[in-house]
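Chains as they are written, first to last, in my numbering: chain A, 1 to 154; chain B, 1001 to 1112.
Please note that the accuracy of each hint is not assured.
[Stated by the list, open to error] Derived DEER-like restraints, expressed as beta-carbon distance ranges:
| id | chain 1 | residue 1 | chain 2 | residue 2 | range |
| --- | --- | --- | --- | --- | --- |
| 1 | A | G109 | B | A1111 | 17 to 27 Å |
| 2 | B | P1027 | A | T9 | 42 to 52 Å |
| 3 | B | E1104 | A | G58 | 42 to 52 Å |
| 4 | B | V1008 | A | T90 | 37 to 47 Å |
| 5 | B | S1112 | A | S132 | 41 to 51 Å |
| 6 | B | A1038 | A | G109 | 18 to 28 Å |
| 7 | B | G1040 | A | D149 | 43 to 53 Å |
| 8 | A | R35 | B | G1040 | 34 to 44 Å |
| 9 | A | S64 | B | N1042 | 43 to 53 Å |
| 10 | A | G109 | B | E1035 | 22 to 32 Å |
| 11 | A | G118 | B | S1112 | 42 to 52 Å |
| 12 | A | K4 | B | E1104 | 39 to 49 Å |
[Unchecked claim] Selected chain A positions facing chain B (in silico; Cβ < 8 Å):
| id | residue |
| --- | --- |
| 13 | V17 |
| 14 | L19 |
| 15 | A23 |
| 16 | R40 |
| 17 | E47 |
| 18 | V106 |
| 19 | E116 |
[Stated by the list, open to error] Not close to chain A: a few residues of chain B, all C-beta gaps over 12 Å, as computed:
| id | residue |
| --- | --- |
| 20 | V1037 |
| 21 | D1039 |
| 22 | S1049 |
| 23 | D1055 |
| 24 | S1057 |
| 25 | F1097 |
| 26 | E1104 |
Hints listed in this document are in silico derivations from the structure and should not be mistaken for laboratory results.
For glycine and all other residues, C-beta sits at the position ideal for the given N, C-alpha and C.
The lines below spell out each chain.
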Amino acid sequence: MKHKRITLTIGSELENVALVGAAVSRLSEFSSLNREQVNRLELAVVEAVNNAIEHAYGYAPGHSVEVDLRMGAKDIIVTIHDTGNSMPSTAVNTIVGETATPPMPVIDGYSADLPEGGWGLLLIKSLTDDVSYSSEAGRNSLRITYHCDSETAL
Amino acid sequence: MAFETREVEDVTVVSPANRRLDAVLAPKLKELVAELVADGNNKIVLDVSNVEFMDSSGLGAAVAALKIVGGPGDMAICGASGLVADLFKLTHMDRVFTMAANEEEAVVKLAS
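Just chain B, same shape as in the assembly (with noise of 0.2 Å):
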């Protein structure tokens, strides 16, 4: 499996199963929420805790799937640091998501 998901609360976390989140991930984590999403799982938080590395396609499909779930009231990122983090911050994209630094406070906010 690409990515583990998770359900805390009403919400499902979702994690890169590697380190890497690049364009060959890309297009199965667009398909992968689009799933979620037509389940029922309405609130996503994408866990990015143990990504070392994210390319532009791999953020086009977080940009993707927060559009599918329809918007930062329901979809949060946590856990970026280093380039990952620079990567939403360069692209301004940090402004777009709901951004949180662990699980817990990413639940908290998309509760709220």
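Chain A on its own, in the form it takes in the complex (with noise of 0.2 Å):
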């Protein structure tokens, strides 16, 4: 089955990235998503540019991050794409692969020394079905995949 394809770019700022969600949650409509799915999605997006951003260009503007978002009828794949710092083995250990699980921290009630941040990869890794990450040639990809709960032709 073919997919339906779109690419969306941003400047590396992240007052674009509101920009981006809005886009990616509208487009995710036309496939069988459902709406607490496109709702996952859009986070799920939004977590891993927000990442591009802080983390592979450091919060320098004038980059590009580039979404590429493709919709077929059983599945909708994205993918990120940042031509900056490469994500660290270590953090991409905790997305990719089998027996990767989201660690997220157990947290139970409230101390001084709460995390403030830290979640966007494991958030990513919750929300979807499957995630992957590649580094070629200076351009790094975030995929990740979402499986439709029923066939719907685009």
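Starting from two chains that each stand alone, build the complex the way the hints lay out.
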């Protein structure tokens, strides 16, 4: 089954992330993902794009983050590309591979040293059906896959 | 204004003015809560009932605000639903914050 495809490109400023989030959310309505899955997909994509801006580019403006959306009858595949610093292997290992389970820190109650971040990759892993990451010729690609509940001809 | 604030008894209720609480608004939330506490407003409710989208940066700012206020006895989250409620659950932050269904319940919880 052929995938329908669109590529969105934003500049590496946080102000642009909502634009790509809203676009992915709206475009996903053309798939057979249900509303809850669409919301989760938007969050996963936003986390991935935030990561690219924060970690790959270190908040430097003027670079590009590309979001490639492919929608088929059975799945949606979103690939987030950047040309900044690659993700360290320790980070990649938390999201990729069969042995990777989301080690979301178990926190029971308040303490003054609670984390104020670091959930991005774990959320992406928790919110999606499959995640992979590659880095080739200076181009990093995080690919997330959603399986649709039911087959729908697009 | 990115946030609206209102006083309910001795509690300050903070509501994001738009439906997204993301990486753009996160530092502004942290800054606002720091200002409120510096001005002597020691009990804060973050009302997210109008928020449809929140990312981990927004959540991080809420945690930062919780630390500024001093803990869950003085800060509550109210009105979390859908994806926002999922975000709190997935990160176990629903066990950290005082969670309330609505503003009224949040104010009661902070008073007790």
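Verification of the hints:
1. A:G109 / B:A1111: 17 to 27 Å: 21 Å, holds
2. B:P1027 / A:T9: 42 to 52 Å: Check failed, 25 Å falls outside 42 to 52 Å.
3. B:E1104 / A:G58: 42 to 52 Å: With a Cβ separation near 44 Å, E1104 of chain B and G58 of chain A satisfy 42 to 52 Å, so the hint holds.
4. B:V1008 / A:T90: 37 to 47 Å: 45 Å, holds
5. B:S1112 / A:S132: 41 to 51 Å: Holds: the Cβ-Cβ distance is about 48 Å, inside 41 to 51 Å.
6. B:A1038 / A:G109: 18 to 28 Å: Holds: the Cβ-Cβ distance is about 26 Å, inside 18 to 28 Å.
7. B:G1040 / A:D149: 43 to 53 Å: 51 Å, holds
8. A:R35 / B:G1040: 34 to 44 Å: Because 42 Å falls inside the window, the suggested range holds.
9. A:S64 / B:N1042: 43 to 53 Å: The hint (43 to 53 Å, Cβ to Cβ) holds, given that S64 of chain A and N1042 of chain B are roughly 45 Å apart.
10. A:G109 / B:E1035: 22 to 32 Å: 27 Å, holds
11. A:G118 / B:S1112: 42 to 52 Å: 32 Å Cβ-Cβ, so the 42 to 52 Å window is violated.
12. A:K4 / B:E1104: 39 to 49 Å: 47 Å, holds
13. V17: 6 Å, holds
14. L19: Because about 11 Å separates L19 of chain A from the closest Cβ in chain B, which is outside the 8 Å limit, the hint is violated.
15. A23: 13 Å, violated
16. R40: Check passed: Cβ of R40 of chain A comes within 7 Å of chain B, closer than 8 Å.
17. E47: E47 of chain A check passes; min Cβ-Cβ to chain B is 6 Å, inside 8 Å.
18. V106: With a closest approach of 6 Å, the V106 of chain A hint holds.
19. E116: Where the cut-off is 8 Å and the nearest Cβ of chain B is about 4 Å from E116 of chain A, the hint holds.
20. V1037: Fine: 15 Å to the nearest Cβ keeps V1037 of chain B off the interface.
21. D1039: Non-interface label stands for D1039 of chain B: nearest chain A Cβ at 22 Å, farther than 12 Å.
22. S1049: It holds; S1049 of chain B is separated from chain A by about 16 Å at its closest Cβ, greater than 12 Å.
23. D1055: Not fine: 5 Å to the nearest Cβ puts D1055 of chain B too close to chain A.
24. S1057: 6 Å, violated
25. F1097: 8 Å, violated
26. E1104: 23 Å, holds
Hint compliance for this structure: hints 2, 11, 14, 15, 23, 24, 25 are broken, all remaining hints hold.
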